[in-house]
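We have chain A; now place chains B and C onto it with these hints.
Listed below, chain by chain, are the residues.
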Amino acid sequence: MGKYLLRRILQVIPVVLGTTLLVYALVFALPGDPVKAMFGDKPVNEAVAAQIRAEYNLDKPFIVQYLLFLRNALTLDFGNTFAGQPVIDEIARAFPVTIKLALMAFVFEAIFGVVFGIISGFKKGKWYDTVILIVSLLLISVPTFVTGFLGQYLLGVKWSILPVTAGNNPGFIDLLLPAMVLGSVSMAYIIRLTRAEISSNIAEDYVRTARAKGMSNRSVMLRHVLRNSLIPVVTYLGQDIAALMGGAMISETIFNIHGVGWLTYQSILKGEGNLVVSIVTLLMLIFVVCNLIVDMLYAVLDPRIRYA
Amino acid sequence: MKKKALAFAAAACAAAMLLSGCGSSNSGDSTTAGGSGSSYILAYASEPQKTFIPGNINETGGGKPADMMFARLVSFDDNSKASNEIAESVTPNENATEYTIKLKDWKFSNGDPVKAENFTKAWSYVANAKNAMLGSSFFQTIAGYDALQDADNLKGDEQLSGLKVVDDKTFTVALSAPDSAFGLKIGYTAFAPLPDSFFDDPKAFGENPKDGCTGPYVFESWKHNQDIMMKKNPDYKGNRPAQNDGIDFKIYTSDTAAYADIQAGNLDVMESVPAAQSKTFEKDPKVQPFNEAGSVIQTFTIPSNMEHFQNGTEEGELRRQAISMAIDRKALCEKVLSGTGTPATDFTSPKTPGYSDSLPGKENLEYNPDKAKELWDKANAISKFDGPLTFSYNVDGGAKPIYDAVANSINNVLGKGVASTNPIPTFQEFRDAITDRKMTGAFRTGWQPDYPSPENYLVQLFASSAADGKGSNDGDFKDPEFDALMDQAAATGDEEAANKIYQQGEEILLKELPAIPLYYSNANGVASKAVKSGFAFNWQNLPTYEEMSKK
Amino acid sequence: MWADAWRSLRKNPLFIISGILIIFIVVVALFPGLFTKQDPNYCTLDNSLGDPTAQHPFGFDFQGCDVYTRVVYGTRTSLMVGLASTILVVIIGTLIGSVAGFFGGWVDAVLSRLNDIFLALPILLGAIVVLQMFKTNGSIWKIVLVIALFGWVSTARIARGAVMEAKNLEFNTASTALGSTPVRNLFRHILPNSMAPIIVIGTTSLASYIVLEATLSFLGVGLPSSTVSWGGDISNAQTSLMTNPMVLFYPSAALAITVLSFIMLGDAVKDALDPKSRTA
Numbered sequence: 005m006g007k008y009l010l011r012r013i014l015q016v017i018p019v020v021l022g023t024t025l026l027v028y029a030l031v032f033a034l035p036g037d038p039v040k041a042m043f044g045d046k047p048v049n050e051a052v053a054a055q056i057r058a059e060y061n062l063d064k065p066f067i068v069q070y071l072l073f074l075r076n077a078l079t080l081d082f083g084n085t086f087a088g089q090p091v092i093d094e095i096a097r098a099f100p101v102t103i104k105l106a107l108m109a110f111v112f113e114a115i116f117g118v119v120f121g122i123i124s125g126f127k128k129g130k131w132y133d134t135v136i137l138i139v140s141l142l143l144i145s146v147p148t149f150v151t152g153f154l155g156q157y158l159l160g161v162k163w164s165i166l167p168v169t170a171g172n173n174p175g176f177i178d179l180l181l182p183a184m185v186l187g188s189v190s191m192a193y194i195i196r197l198t199r200a201e202i203s204s205n206i207a208e209d210y211v212r213t214a215r216a217k218g219m220s221n222r223s224v225m226l227r228h229v230l231r232n233s234l235i236p237v238v239t240y241l242g243q244d245i246a247a248l249m250g251g252a253m254i255s256e257t258i259f260n261i262h263g264v265g266w267l268t269y270q271s272i273l274k275g276e277g278n279l280v281v282s283i284v285t286l287l288m289l290i291f292v293v294c295n296l297i298v299d300m301l302y303a304v305l306d307p308r309i310r311y312a
Numbered sequence: 025m026k027k028k029a030l031a032f033a034a035a036a037c038a039a040a041m042l043l044s045g046c047g048s049s050n051s052g053d054s055t056t057a058g059g060s061g062s063s064y065i066l067a068y069a070s071e072p073q074k075t076f077i078p079g080n081i082n083e084t085g086g087g088k089p090a091d092m093m094f095a096r097l098v099s100f101d102d103n104s105k106a107s108n109e110i111a112e113s114v115t116p117n118e119n120a121t122e123y124t125i126k127l128k129d130w131k132f133s134n135g136d137p138v139k140a141e142n143f144t145k146a147w148s149y150v151a152n153a154k155n156a157m158l159g160s161s162f163f164q165t166i167a168g169y170d171a172l173q174d175a176d177n178l179k180g181d182e183q184l185s186g187l188k189v190v191d192d193k194t195f196t197v198a199l200s201a202p203d204s205a206f207g208l209k210i211g212y213t214a215f216a217p218l219p220d221s222f223f224d225d226p227k228a229f230g231e232n233p234k235d236g237c238t239g240p241y242v243f244e245s246w247k248h249n250q251d252i253m254m255k256k257n258p259d260y261k262g263n264r265p266a267q268n269d270g271i272d273f274k275i276y277t278s279d280t281a282a283y284a285d286i287q288a289g290n291l292d293v294m295e296s297v298p299a300a301q302s303k304t305f306e307k308d309p310k311v312q313p314f315n316e317a318g319s320v321i322q323t324f325t326i327p328s329n330m331e332h333f334q335n336g337t338e339e340g341e342l343r344r345q346a347i348s349m350a351i352d353r354k355a356l357c358e359k360v361l362s363g364t365g366t367p368a369t370d371f372t373s374p375k376t377p378g379y380s381d382s383l384p385g386k387e388n389l390e391y392n393p394d395k396a397k398e399l400w401d402k403a404n405a406i407s408k409f410d411g412p413l414t415f416s417y418n419v420d421g422g423a424k425p426i427y428d429a430v431a432n433s434i435n436n437v438l439g440k441g442v443a444s445t446n447p448i449p450t451f452q453e454f455r456d457a458i459t460d461r462k463m464t465g466a467f468r469t470g471w472q473p474d475y476p477s478p479e480n481y482l483v484q485l486f487a488s489s490a491a492d493g494k495g496s497n498d499g500d501f502k503d504p505e506f507d508a509l510m511d512q513a514a515a516t517g518d519e520e521a522a523n524k525i526y527q528q529g530e531e532i533l534l535k536e537l538p539a540i541p542l543y544y545s546n547a548n549g550v551a552s553k554a555v556k557s558g559f560a561f562n563w564q565n566l567p568t569y570e571e572m573s574k575k
Numbered sequence: 006m007w008a009d010a011w012r013s014l015r016k017n018p019l020f021i022i023s024g025i026l027i028i029f030i031v032v033v034a035l036f037p038g039l040f041t042k043q044d045p046n047y048c049t050l051d052n053s054l055g056d057p058t059a060q061h062p063f064g065f066d067f068q069g070c071d072v073y074t075r076v077v078y079g080t081r082t083s084l085m086v087g088l089a090s091t092i093l094v095v096i097i098g099t100l101i102g103s104v105a106g107f108f109g110g111w112v113d114a115v116l117s118r119l120n121d122i123f124l125a126l127p128i129l130l131g132a133i134v135v136l137q138m139f140k141t142n143g144s145i146w147k148i149v150l151v152i153a154l155f156g157w158v159s160t161a162r163i164a165r166g167a168v169m170e171a172k173n174l175e176f177n178t179a180s181t182a183l184g185s186t187p188v189r190n191l192f193r194h195i196l197p198n199s200m201a202p203i204i205v206i207g208t209t210s211l212a213s214y215i216v217l218e219a220t221l222s223f224l225g226v227g228l229p230s231s232t233v234s235w236g237g238d239i240s241n242a243q244t245s246l247m248t249n250p251m252v253l254f255y256p257s258a259a260l261a262i263t264v265l266s267f268i269m270l271g272d273a274v275k276d277a278l279d280p281k282s283r284t285a
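Chains as they are written, first to last, in this note's numbering: chain A, 5 to 312; chain B, 25 to 575; chain C, 6 to 285.
If you're looking for bench data, these hints aren't it; they were derived computationally from the structure.
Pairwise CB distance ranges (calculated):
hint : chain 1 : residue 1 : chain 2 : residue 2 : range
1    : C       : 250       : A       : 130       : 30 to 36 Å
2    : C       : 192       : A       : 75        : 45 to 51 Å
3    : C       : 184       : A       : 126       : 36 to 42 Å
Positions of the beta carbon are idealized from the N, C-alpha and C atoms, including for glycine.
Looking at chain A on its own, in the form it has when it is part of the complex:
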């Protein structure tokens, strides 16, 4: 196991290099010139533009830009944004709130997704199975901006139950609604997944064997069916925490949260190469850790899966 872990950690190095190179290339390939865009609708003063390009190494060939970025990154200097702010400060401002938001959305979708999925799966075909199906279908078919907007209007503006926007340094209550909006689509997926897994495992031979051996229904369900049903669910959840952090753009925009999704979107629009690369690399590292945890959980959930 120790050796396996070490190998996984070493694998991070080529992944980081690959990600940074790929993202840097993509930002470089973005059509348009960020320096020209700074002048807005005004004429571009080429002498001034050349000074700005030189400051951000934008006048150099792609590969030189990339290597310079890498070299500086090794000393934890990730460069500045076009607004003159250190990239590291932007990241330090955006990540904490998004981590909080993503974790809340994660807990929300995991708990409600699995619980509703279990109810649905054990009672397949009952009326509440149908209700749960329809609700989850709605959540998938209605775009997030609509759920977010309606949630904000009804719960926030109209009934004043929850804060309208999250604002600065948001707490648990401030993030409750954004987190539910963010987690709602994934919750629908988890309900569907859990339901499918439970209903297929419930018919497995070992369930009958266990029942025949006189185990109570309850403990059969908990010890065998549930445990065996969770692998795809855990897989989905593991990769979703990443998607929640990177994909919170709509939720963050509606609820005024200056988080990672919003920052990524803005920096892509503005062609902020250093910022995009740094954010994506950090996200990628978080995914690597999540995936490692998921792989460890496989072994716990199904002892036959071993890593050498």
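Relative to the frame of chain A, chains B and C by itself:
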């Protein structure tokens, strides 16, 4: 400059009672941080794209706070009328090539007097390409500007040779060509004076300009992506005294979030209305609305040399007029903009001095399907055009519904397939295609004035001197007759007389249509119920922050 | 095995209902002209947000287009984008995921790390760059390509997990003992036994992809606005949400019914392939 964009009640209801207190906490924390209580105005803002160096600010995120921290020689009232601010007098010579400027006794917020040198050094700093200031081009009419553009051979402290300090309170400005609008130009933010301490460390000043404020407010703090705070300047004695204790510019991710906060009373004022609310905001009982014709004009430009649309050819003129008359501007303003726009009748704006809504040729901007079809068929008889004419716009600016409607209107009048839209994902890509002249069809253009003068709309956008990348004439329109009128107006000292000449220039534009005016963006926005007085909009389509009061 | 599955399918009411619905939707997609005589792209602001009339049963949208006609004509684009993306994603994802899960070791390491990289890439960034290569091409396949390029990742993770689990089940050990080759095992035994979660994710994703098309078009990297699609109309309806929610309702309902049909079909197929759950 750019306007930007059900849940599970059951689970939340239980907590409802705890929340009413917490919910308002995010509006309270920053005001108390300022220590001045609730008479700070909480205003909608976005994160500035550059730091607070007046000559480097090119968008509203930094522009709104900067406008109120840095006073200039002249200021403009809500009706675009100029009056002296720091200037005691601004006197041009008879052909408007040299200006003599005398100053009043003003102080920076650190107590230093505002001297002539604070202007000349600040202007030279911004003009000097070595310092990489975005506003550099504003100084290009001042003598000596060209010498400051060879950045490789400059140190950054070279001065504009056209600026001469006479004494502490007087300086002269020599221009490279006559410019009767210069006396208004100096009201733009880039022309603000800077204190001596700025030149020691411009970077630090940009982050924290509290020593160099001369306007109605003094900088207090800037928490990135959160808020920018400024307090009333007790020593200010200009034309725009503050009626409140300060302004807290709160930085938002979107206008929809801000609107919801205004409804909930967490924010006091914003200068736009989200698209989803534009039909309802004037009747919304939770807010105070404002909606009047404003100074921003929205147009689209068809490149002057585009095949079938060339300016100066009969076919081109017919097609341009046909396209223009095929657009139902009234329906566009009523239905798509829900009344937050006013159909355009000229190339400036109703807030611009010298504006007229009855210039000869304005019928080319009126919906006339029969005439449009007739002109289009005439053009097709000269040379067949199979279309489509594409309309490019940047998606991140929210122009989609407008251009969908424009294309539909043209297709309904001139025939299916004449117009189509070409959305471009980012402003960056959009501007790049324009500045590199890669646009193969019409593209969105618009203008928010830097100073209230027809010169700012006409010369900057349509004169030959601004074509080919030297200015904002992005369609490269060139017409010697128009240029001559602009030069004549620039050399005319009397404003009324000059404006008459500008109107003659507009008549040429209305016939040739280098760009096709659509509508004037209204000055529109909402304020919270807490604002008791002073909520209006100025000549820049921005709220009159300094006049607002919650008492 | 397939014959058994078919026999049980035929008797499943879920299958019959969903089958009829899907046939209907496909007919609408193929022959929209049978259901409306109007032009979906004829829009005039005079009709903006107009109320339903006899000829226009769903009323008019913001731009004054007939909502019913647009729902009918949007079927083809949305169905094609949704189905093509789903099929492509399921094939690519299942292949990569099952190979990684089945062989383990360095194969797994390489494929899984590739997975990590793609998971981290912001889809907007990739979409802008990829789609500008096909700038002039207004076809829906570029959208399908982008969706597949970014969509395979989660299917691959699910497939990998399911295959790792199924690999250890008795029948695999048994058939290996009987001399079956590993690759044959993977396709004959392990994959069919791992299909349940993949089918669930696939059918559920169908909806997400149709909505994703709308998001991409909304961000300016999708289809031209002359191409009618449910997703496009859903995002256009955003501005009318407060005043005329019905404009949003109709295309959303069409989308939901389509997705429901495919989810039911998926459930029926899954049950048919899994004889045990059939008896339960």
